[in-house]
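*Asks:* For the sequence shown, position 123 matches number 123 in the UniProt record's numbering, and the numbering has no gaps at all.
Hints are computed from structural coordinates only; laboratory data are not their basis. Treat the hints with care, as some may be off.
Derived pair list, reagent style EDC-like, types lysine to aspartate or glutamate, alpha-carbon separation capped at 20 angstroms [to be verified]:
id, residue 1, residue 2
1, 223, 267
2, 126, 149
3, 223, 158
4, 277, 289
5, 193, 158
6, 223, 185
7, 126, 81
8, 277, 249
9, 126, 103
10, 126, 84
11, 277, 267
12, 266, 199
13, 193, 182
14, 266, 249
15, 223, 182
16, 266, 289
17, 126, 102
18, 193, 249
19, 266, 235
20, 126, 158
21, 266, 197
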Amino acid sequence: MQVFQALWEDIEELWAFEAQAVAVSGSAFAKSRCITSIFELLSSGFQVQLFGQANLLIERGANLEEVNDEGYTPLMEAAREGHEEMVALLLAHGADINAQTEETQETALTLACCGGFLEVADFLIKAGADIELGCSTPLMEAAQEGHLDLVSYLLGNDANVHAQTATGDTALTYACENGHTDVAEILLRANAKLEHESEGGRTPLMKAARAGHQCTVQFLINKGANVNRQTSTNDHTVLSLACAGGHLEVVELLLNSGANLTHRLKDGSTMIIEAAKGGHTAVVSLLLEFPNRFMHSAPEYSQPTHQDVNLNTEHRVPVHGLGNIVPPNDPDSGAMNANGYVPSLPGHIIHK
1 MQVFQALWED IEELWAFEAQ AVAVSGSAFA KSRCITSIFE LLSSGFQVQL FGQANLLIER
61 GANLEEVNDE GYTPLMEAAR EGHEEMVALL LAHGADINAQ TEETQETALT LACCGGFLEV
121 ADFLIKAGAD IELGCSTPLM EAAQEGHLDL VSYLLGNDAN VHAQTATGDT ALTYACENGH
181 TDVAEILLRA NAKLEHESEG GRTPLMKAAR AGHQCTVQFL INKGANVNRQ TSTNDHTVLS
241 LACAGGHLEV VELLLNSGAN LTHRLKDGST MIIEAAKGGH TAVVSLLLEF PNRFMHSAPE
301 YSQPTHQDVN LNTEHRVPVH GLGNIVPPND PDSGAMNANG YVPSLPGHII HK
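Using the sequences and the accompanying hints, generate a full structural model.
*Replies:* Rendered as C-alpha cells:
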C-alpha cells in the first residue's frame, strides 16, 4: 500500500492545482465538452491534467459502479486503457476492485493483463485485487496476448498455472494456440502440464498445429510432446488438425517428427481427405509424395553374382509359373524333370 499512498499524494497535489484552474476558467473544458460522466472523461482521451475534472465529477455524485454498453465499470475501463492514475483515483473513492462483468466475469485486473499494462496490474494486485478471478484468469489473459513480462510477474505472485476455464483451457493452451513460444516456455518452467487436455482432448501441441504456429510446434516437440496424440473421441490427431488448416510447413515438420500419415479418424477420414476438404493442394501433394522419399533414399538392390549361388542347390520353378519365367517360344520350354519342375537358370547343373 506504500505505492498506493505515494501515488495518492501526487494526485492530491494535482487536485490543488486543478481546483485553482477550474475556479478561474469556470471549468471551460467541462462546458465545452459537456462531460457528465467518468466514461465520457475516459473516452475523451484522459490525461493526468484532467484529475480536477474527474474529482469534480465524483464529488458531484458520479456513479462509480455504473456500467457502459460493454458491461464495464469506470475502474474496469480505466484499467483496460492503462490509466494508472485514474485507477488510483477511483479506488481511493471506493470503487469495487473485484467487480465483474455479467457474462465473462472480467475484472479490472483481467482487463489490465489483457492489455499488457504491468504497472496497472501491479497497482491493482497490491491494492487487493483477486489474482484468480474471472472466467479467464489474469494469467490466461496475459498468456493469450503474449505479454511475457506480465506472465512472469503474475507467476511471481503465485498465480495458478494450472487454472482452467469452463472448456478446460489453461494459460499454456492459450499461449500455444496464439503462437507465443516464449510464454509457453516460461509456463512450462512453472510446471504447466505439457499434455494437458482441454475440451475434446486437445493438447497444447494440437492447438499450435491447428493454428499453424511452426515455431511453437517445434518447441513443444523438442519438449517431448506426443505427435501422435489423439483427441478423446478420435475425431482428430495433431497431424490431421494441421492438414485441415492447410499449414504446409507444420505438416512437413510433423511428418519428419514421426506423425502417423496412415491414421484414420473416427469417421474414416484420412490426412489427405482432411487437407482436400479445405482445398489445400500443396498439403495434399506433400502427403502423396512423402512416402516416396523413403523409397528413393533406400539402397539399390544388387543382383547376386555366380559366386553367391550355391551350385549344389537345385533352383526350381513350378510348372504353372513357367510362363512368367521362360517365353513360350523358348526351345527348352517343354523340358521338365520327373518332379514336374524345370531349371530356373539355363546352364545350371541339374542333378538326376
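*Asks:* If a hint holds in the structure, say so; if it does not, say that too.
*Replies:* Hints, one by one, checked against the model:
| no. | hint | in the structure |
| --- | --- | --- |
| 1 | 223 / 267 | violated, 31 angstroms |
| 2 | 126 / 149 | holds, 17 angstroms |
| 3 | 223 / 158 | violated, 24 angstroms |
| 4 | 277 / 289 | holds, 18 angstroms |
| 5 | 193 / 158 | holds, 17 angstroms |
| 6 | 223 / 185 | holds, 9 angstroms |
| 7 | 126 / 81 | holds, 19 angstroms |
| 8 | 277 / 249 | holds, 18 angstroms |
| 9 | 126 / 103 | violated, 26 angstroms |
| 10 | 126 / 84 | holds, 13 angstroms |
| 11 | 277 / 267 | holds, 14 angstroms |
| 12 | 266 / 199 | holds, 17 angstroms |
| 13 | 193 / 182 | holds, 16 angstroms |
| 14 | 266 / 249 | violated, 25 angstroms |
| 15 | 223 / 182 | holds, 13 angstroms |
| 16 | 266 / 289 | violated, 24 angstroms |
| 17 | 126 / 102 | violated, 25 angstroms |
| 18 | 193 / 249 | violated, 26 angstroms |
| 19 | 266 / 235 | holds, 5 angstroms |
| 20 | 126 / 158 | holds, 13 angstroms |
| 21 | 266 / 197 | holds, 18 angstroms |
When held up to the earlier numbered hints, the structure conflicts with 1, 3, 9, 14, 16, 17, 18 and fits the remainder.
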